[in-house]
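Chemist: What follows is each chain in one-letter form.
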Amino acid sequence: GQQLNQSPQSMFIQEGEDVSMNCTSSSIFNTWLWYKQDPGEGPVLLIALYKAGELTSNGRLTAQFGITRKDSFLNISASIPSDVGIYFCAGRQNTETGTASKLTFGTGTRLQVTL
Amino acid sequence: DAMVIQNPRYQVTQFGKPVTLSCSQTLNHNVMYWYQQKSSQAPKLLFHYYDKDFNNEADTPDNFQSRRPNTSFCFLDIRSPGLGDAAMYLCATSRRTATNEKLFFGSGTQLSVL
Chain A
1 GQQLNQSPQS MFIQEGEDVS MNCTSSSIFN TWLWYKQDPG EGPVLLIALY
51 KAGELTSNGR LTAQFGITRK DSFLNISASI PSDVGIYFCA GRQNTETGTA
101 SKLTFGTGTR LQVTL
Chain B
1 DAMVIQNPRY QVTQFGKPVT LSCSQTLNHN VMYWYQQKSS QAPKLLFHYY
51 DKDFNNEADT PDNFQSRRPN TSFCFLDIRS PGLGDAAMYL CATSRRTATN
101 EKLFFGSGTQ LSVL
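Chains as they are written, first to last, in our numbering: chain A, 1 to 115; chain B, 1 to 114.
Misleading hints may appear alongside valid ones.
Claimed, not checked - Distance windows between CB atoms, simulated:
#	chain 1	residue 1	chain 2	residue 2	range
1	B	LEU83	A	SER82	33 to 43 angstroms
2	A	GLU17	B	ARG79	40 to 50 angstroms
3	B	GLY82	A	SER10	28 to 38 angstroms
Hint data in this document are derived by calculation from the structure and do not stem from the laboratory. If you're wondering where the values come from, they're calculated on a predicted model, not measured in any experiment. Backbone N, C-alpha and C define an ideal beta-carbon position, used for all residues, glycine too.
Whole structure, please, built from the sequences with the hints as guidance.
Modeler: This is the structure in structure tokens:
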């Protein structure tokens with residue numbers, strides 16, 4: 001089956017630094033979603049991407065849908081302590097009308113921010 | 001306000017004692033999913049309902065069952081929990097469309113098996 005590889009697996013950064021993480025696949029996806037998960041909570045949707053090459057921002061977060069459709073990138077600018085958490089990418093391939101489309105999740109990037 | 005609500009937030013059960021987790025949604029979404037997430041891992045899809053149609057993942061154990069009595073509610077039943085079933089269980093919903101479909105998660109139920 002498809003696998004989504006996220007890198008880095010974890011990162012320690014200082015408050016104020018910019019962060020970049022990416023997600024790559026051996027298969028083509030038609031939708032990319034980025035989620036953040038805090039400890040003991042469910043994933044919260046950050047950004048959704050629907051077109052190859054699309055660049056979308058949500059506050060300090062910017063994500064891009066790779067041209068090849070096999071990758072996506074998430075950038076966080078000027079990180080703050082509340083950015084701590086696990087970031088998951090998730091990809092979806094088109095499915096037939098009348099069926100639910102299922103997400104393939106990445107392996108996650110654990111972000112820790114130090115003061 | 002929470003749109004996908006899971007109860008309880010924490011559930012402790014005994015080995016082999018049936019347990020039911022619940023999920024409700026105010027989004028009127030036609031698809032509801034149940035995921036299992038173990039520590040430091042990505043969520044793993046167990047099954048989903050597309051309207052009333054139940055769709056099981058091939059590798060979901062028979063020990064896991066689900067019910068969806070109406071659009072708003074969905075239940076996860078674990079018939080005989082084992083120690084390996086201790087995990088966070090996440091409910092998610094979406095509205096199935098051809099484009100721009102998004103998945104929204106609840107806060108999860110953390111299940112402990114003693």
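Chemist: Now, for every hint given, state plainly whether the structure supports it.
Modeler: For each hint, the structure was consulted:
Roughly 34 angstroms separates the CB atoms of LEU83(B) and SER82(A), a value that falls within the hinted 33 to 43 angstroms. Between GLU17(A) and ARG79(B) the C-beta distance comes to about 48 angstroms, which sits within the given range of 40 to 50 angstroms. Range check, GLY82(B) to SER10(A): Cβ separation about 30 angstroms, and the 28 to 38 angstroms hint holds.
In summary, this structure violates none of the numbered hints.
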